[in-house]
Every structure is written in structure tokens, then in C-alpha cells.
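> Sequence:
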Amino acid sequence: MTEREQITEEVRNQLIQEMMANFNHEKERKLANFRSQNAYVQKGQILFTGSSLMEQFPVAEFCLNEGLPIVYNRGIGGYTTDEFLTAIGPMLLDLEPSRLFINIGTNDIREMPEGEDWFSHLSVNYRKICEIIREKLPETIVYMMAYYPVNPHRNSPGLRVRTNEAIVRANEMVSSLASEFGFRYIDVNDGLKDEQGNLQIEHTQDGIHFDAAAYRTVFERLKQYL
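In full-length UniProt numbering, the protein residues as written are 1 to 226.
In short, the hints are calculated from the structure, not lab data.
Bear in mind the structure is a predicted one, so any value in this text is a computation, not a measurement.
C-beta atoms are modelled at their ideal positions from N, C-alpha and C, and glycine is treated no differently.
Do not take every clue at face value.
Using 25 Å as the maximum straight-line C-alpha spacing, the simulated BS3-like pairs for lysine-lysine come out as follows [said to hold, decoys possible]:
1. 43 x 223
2. 128 x 27
3. 43 x 193
4. 128 x 43
5. 223 x 193
6. 136 x 43
7. 30 x 43
8. 27 x 43
9. 193 x 30
Now the in silico label distances, taken between C-beta atoms and shown as ranges [to be verified]:
10. 14 x 202: 34 to 40 Å
11. 134 x 17: 37 to 43 Å
12. 68 x 111: 36 to 42 Å
13. 153 x 98: 39 to 45 Å
14. 89 x 165: 32 to 38 Å
15. 86 x 114: 15 to 21 Å
16. 196 x 42: 39 to 45 Å
17. 226 x 163: 17 to 23 Å
18. 180 x 202: 36 to 42 Å
19. 117 x 182: 35 to 41 Å
20. 216 x 120: 32 to 38 Å
21. 82 x 17: 17 to 23 Å
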């Protein structure tokens, strides 16, 4: 490596570190806001919680427009199951929901530190989440949502491990946990897929996240549970 290449690599690494620091700060800010907002919620309502795919879901707006019950959204982009477990109070328990829709764990489908197996890590953590919910909120009706499909043709770095094959495997695990804990597993993904089973490319920029039209498709399939 030449001196110039070394400098370029150092600058790149520094930028990545700064971006990650800013990203983590933003997650902390959102969590702090949720803690404050939770002082004003009406407990016993419907809660949607998870990571970015939940955060970006305008479900509260959809419900308000159709005169449906109050819905709260507690999604934070980038959240893993480790982070969710740490923040499960403001993200879930403090709201004491009557119905809970949870979609957390897709950010665990990645290359793990020190070669740890992502599937084992996700399975153990999601089980812990289920155990806490059953212990702390025994009367809550819990809907464990299937993970959404992705589109590999967008070439996002996040898709190296997070393939549709991995998602199918993870969904089988989520379905099994739901059965074990007496929760309900729901898959509302049919309207999002193309003929190959990928997330429809016209609804995504990065192959993972999708637009309001796709969220409307999800909402139409979810309404029966609200």
C-alpha cells in the first residue's frame, strides 16, 4: 500500500467512525424522546415497535384517517435485538399495550463480531424478548410479524447476509416462537413480492426499505388485526 493509499484508507475509516457515532447518537436521541412521550400516552392501546421498517411505517396516520383505534409507533432505525432488549421499557413495556405488533431482528441478519452465528444470536435474543413480554404483559395480544422480503438487485451492502433465503429461515424461527409462547405469527408480505419472491423493485431504493405505497399494502392486510 502506498502512502497515498494509506492516507485515503485512514480518512475513510475516520469518516465511517464519525458516521457510526452520529448514527448511534441519533438512536439515543430518539429513545430519549420516546421516554418523554410515554408520559403522555394512553395505556392499553395498540403498539407497533421495532427498527427502521417499523419506524418508517405511517401506521398511526393510516389509522387516524380511517377512524381506527389509537396506535403508537416505537420504531428506531438501526436497532438490533441487543439494543431492543436494553430499551424494552420505553420501546414496549411502559406503554402496556392491549395489542402489540413487533418486527425486530432484521438488523441482526449480518456478519457478527468474532464470527458469531447471526441465526443463533437472533434466536436467543428474540426468545428473551418473548419471555419478557409474557412475564410483564400477560394480557397483551401479541402479533409477531414476518420479516419483509428484500430485493438483491439494489446491491446494498446490507444485503450480503440479509438475503431472502436468510429471511425465510428467520421467519420460520419467529413462527415457531409465536406458537411456543401463545402469540400470533402474521405474514403480510404477499402484496410486496414480485414473481421471484423479491421485494418489488419499484417500491425500494436500497432493496430493504420501501415507500408509502408499499406500506399501504401492508396496512390493508393488517387492518383485520387492529
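> With reference to the structure, classify each hint as holding or not holding.
Evaluation of the provided hints:
no. : hint                  : result
1   : 43 x 223              : holds, 20 Å
2   : 128 x 27              : holds, 22 Å
3   : 43 x 193              : violated, 35 Å
4   : 128 x 43              : holds, 23 Å
5   : 223 x 193             : holds, 19 Å
6   : 136 x 43              : holds, 14 Å
7   : 30 x 43               : holds, 20 Å
8   : 27 x 43               : holds, 24 Å
9   : 193 x 30              : violated, 31 Å
10  : 14 x 202: 34 to 40 Å  : holds, 37 Å
11  : 134 x 17: 37 to 43 Å  : holds, 39 Å
12  : 68 x 111: 36 to 42 Å  : holds, 40 Å
13  : 153 x 98: 39 to 45 Å  : holds, 40 Å
14  : 89 x 165: 32 to 38 Å  : holds, 35 Å
15  : 86 x 114: 15 to 21 Å  : holds, 20 Å
16  : 196 x 42: 39 to 45 Å  : holds, 43 Å
17  : 226 x 163: 17 to 23 Å : violated, 31 Å
18  : 180 x 202: 36 to 42 Å : holds, 37 Å
19  : 117 x 182: 35 to 41 Å : violated, 27 Å
20  : 216 x 120: 32 to 38 Å : holds, 36 Å
21  : 82 x 17: 17 to 23 Å   : holds, 20 Å
Consistency with the previously given hints fails for numbers 3, 9, 17, 19, ordered from lowest to highest.
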